[in-house]
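**Student:** In case you want the letters, here they are:
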Amino acid sequence: MAYSNKVLDHYENPRNVGSFDKEDVSVGTGMVGAPACGDVMKLQIKVNDEGIIEDAKFKTYGCGSAIASSSLLTEWVKGKSLTEASLIKNTDIAEELALPPVKIHCSVLAEDAISAAIDDYKKKRK
Amino acid sequence: MDILKKNFFEIFGLPVSINIDLVRLEKSYTSLQKEFHPDKFSNSSDYEKRLALQISSYLNDGYSVLKNIITRIEYILRIENKEADENKTLQDSNFLIEQLELNEMIESLKHDNKNNSEIDIIRKNIIEKMDILIESIEQGYSKSNYESVWVNLSKYKFYNNHLHQIEGLQSK
Numbered sequence: 001m002a003y004s005n006k007v008l009d010h011y012e013n014p015r016n017v018g019s020f021d022k023e024d025v026s027v028g029t030g031m032v033g034a035p036a037c038g039d040v041m042k043l044q045i046k047v048n049d050e051g052i053i054e055d056a057k058f059k060t061y062g063c064g065s066a067i068a069s070s071s072l073l074t075e076w077v078k079g080k081s082l083t084e085a086s087l088i089k090n091t092d093i094a095e096e097l098a099l100p101p102v103k104i105h106c107s108v109l110a111e112d113a114i115s116a117a118i119d120d121y122k123k124k125r126k
Numbered sequence: 001m002d003i004l005k006k007n008f009f010e011i012f013g014l015p016v017s018i019n020i021d022l023v024r025l026e027k028s029y030t031s032l033q034k035e036f037h038p039d040k041f042s043n044s045s046d047y048e049k050r051l052a053l054q055i056s057s058y059l060n061d062g063y064s065v066l067k068n069i070i071t072r073i074e075y076i077l078r079i080e081n082k083e084a085d086e087n088k089t090l091q092d093s094n095f096l097i098e099q100l101e102l103n104e105m106i107e108s109l110k111h112d113n114k115n116n117s118e119i120d121i122i123r124k125n126i127i128e129k130m131d132i133l134i135e136s137i138e139q140g141y142s143k144s145n146y147e148s149v150w151v152n153l154s155k156y157k158f159y160n161n162h163l164h165q166i167e168g169l170q171s172k
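Chains as they are written, first to last, in the working numbering: chain A, 1 to 126; chain B, 1 to 172.
In isolation and in its complexed conformation, chain A is listed as follows (with noise of 0.2 Å):
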């Protein structure tokens, strides 16, 4: 199956791979995995105290698309305020990397590792 350029660019140089101390109370960790697949995804945002999402890291386990929507998702939600990052959709991210059919559950993985990172550090907060 052939990939847009934009999949194969965030594929080759993929933006904002690694960890964050998972303890950190700044952190918040969303970890979700995709049956069909087996893809699994990890994504870390480290918000600031204003709610502001100063950073994000990822790892990702799985094909090619959903490398590249864990990446582009990073790079998206820096400089976001919470709610503004839970509103990005997963189609928000098929439609930019122009993702097949096939592979628009790579993006929704992204999308719920997202709101998962969110609940998770709201959880902490509390």
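Errors might be hidden in some of the hints.
Simulated restraints on C-beta separations [unchecked claim]:
| hint | chain 1 | residue 1 | chain 2 | residue 2 | range |
| --- | --- | --- | --- | --- | --- |
| 1 | B | 23 | A | 21 | 34 to 40 Å |
| 2 | A | 17 | B | 23 | 48 to 54 Å |
| 3 | B | 129 | A | 95 | 35 to 41 Å |
Hints are computed from structural coordinates only; laboratory data are not their basis. Every value quoted in this text rests on a predicted model; they were computed, and no experiment measured them. Glycine residues also receive a C-beta, built at the ideal position from the N, C-alpha and C atoms.
Using the hints provided, position chain B relative to the given structure of chain A.
**Tutor:** Then chain B, alone, in the frame of chain A:
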């Protein structure tokens, strides 16, 4: 014809169940496939020929769906109208961390030529976990807890992928 309206379990005379009698499935399938084999309809009308072909391919579908435990469980969920969205994600962190570790372990086994006995230990360990998951799926299903069936089936699929990768290493 009525046979096309029956679900796959009914066709092969099996109870709707997660564990089925595979020998009976095989026998049932072979005898039905003989009965509706397109060759038997060479002197029939076009309509009957077409019908025989339809039934024959329906039998093939049913057989392959029921033969495999993953597709069989998914089919049960479909019959019960409890099918989950195919894009639904699994969010059990501890389980997923274990999966990432397994990925890394398998990846490293690919590179250095580990002995087969080590691979075999990992393989047996995965099979054990898969067996336990099937028991949990049966329990969930008996209590009509379809969310738990979905979660455990999803986990089963993750292990199944790993199992295939490991068996691929062994056959090399």
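**Student:** Hint by hint, say whether it matches the structure.
**Tutor:** Now the hints, each set against the structure:
Checked against the hint of 34 to 40 Å, the C-beta distance between residue 23 of chain B and residue 21 of chain A comes to roughly 55 Å, which is inconsistent with it. In this structure, residue 17 of chain A and residue 23 of chain B meet the distance hint of 48 to 54 Å, their C-beta atoms being roughly 50 Å apart. Between residue 129 of chain B and residue 95 of chain A the Cβ separation comes to about 38 Å, which falls inside the hinted range of 35 to 41 Å.
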